[in-house]
Amino acid sequence: MISETTREKLPDIAGGLSVALARTFKVLEPGLKNPQTEHWERSFQIFGQLL
Numbered sequence: 001m002i003s004e005t006t007r008e009k010l011p012d013i014a015g016g017l018s019v020a021l022a023r024t025f026k027v028l029e030p031g032l033k034n035p036q037t038e039h040w041e042r043s044f045q046i047f048g049q050l051l
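Taking the numbering used here, the leading residue of the sequence shown gets 1, the next gets one more, and so forth.
Treat each hint with caution, since some may be false.
Claimed, not checked - Pair ranges (Cβ atoms, derived):
id : residue 1 : residue 2 : range
1  : P11       : P35       : 20 to 30 Å
2  : T5        : L28       : 28 to 38 Å
3  : T6        : E38       : 16 to 26 Å
4  : L51       : E29       : 35 to 45 Å
5  : G15       : I46       : 11 to 21 Å
6  : T5        : K33       : 33 to 43 Å
7  : H39       : T5        : 19 to 29 Å
8  : G31       : R7        : 30 to 40 Å
9  : T5        : F25       : 24 to 34 Å
10 : P30       : E4        : 37 to 47 Å
11 : E4        : Q36       : 38 to 48 Å
In case anyone wonders, no lab produced these hints; they're calculated from the structure. Here a beta-carbon is modelled for each residue, glycine too, at the ideal position from N, C-alpha and C.
Make a model of the complete structure from these sequences and hints.
See below:
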């Protein structure tokens, strides 16, 4: 069970992770406009190592 304080912070945490994921695409492929499956997989591999 998580505390109410932690629960209230979850949207900010999820939002921060989403922004970090988007920035990862820009680092890996600076000109990328429409990420394909291989881009998503590579980004998720990086996040898997970090988390």
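Hints, verified against the model:
{"no.": "1", "hint": "P11 to P35: 20 to 30 Å", "in the structure": "holds (23 Å)"}
{"no.": "2", "hint": "T5 to L28: 28 to 38 Å", "in the structure": "holds (35 Å)"}
{"no.": "3", "hint": "T6 to E38: 16 to 26 Å", "in the structure": "violated (35 Å)"}
{"no.": "4", "hint": "L51 to E29: 35 to 45 Å", "in the structure": "violated (21 Å)"}
{"no.": "5", "hint": "G15 to I46: 11 to 21 Å", "in the structure": "holds (19 Å)"}
{"no.": "6", "hint": "T5 to K33: 33 to 43 Å", "in the structure": "holds (39 Å)"}
{"no.": "7", "hint": "H39 to T5: 19 to 29 Å", "in the structure": "violated (35 Å)"}
{"no.": "8", "hint": "G31 to R7: 30 to 40 Å", "in the structure": "holds (39 Å)"}
{"no.": "9", "hint": "T5 to F25: 24 to 34 Å", "in the structure": "holds (32 Å)"}
{"no.": "10", "hint": "P30 to E4: 37 to 47 Å", "in the structure": "holds (41 Å)"}
{"no.": "11", "hint": "E4 to Q36: 38 to 48 Å", "in the structure": "holds (40 Å)"}
Hints 3, 4, 7 from the earlier list are contradicted by this structure; the remaining hints agree with it.
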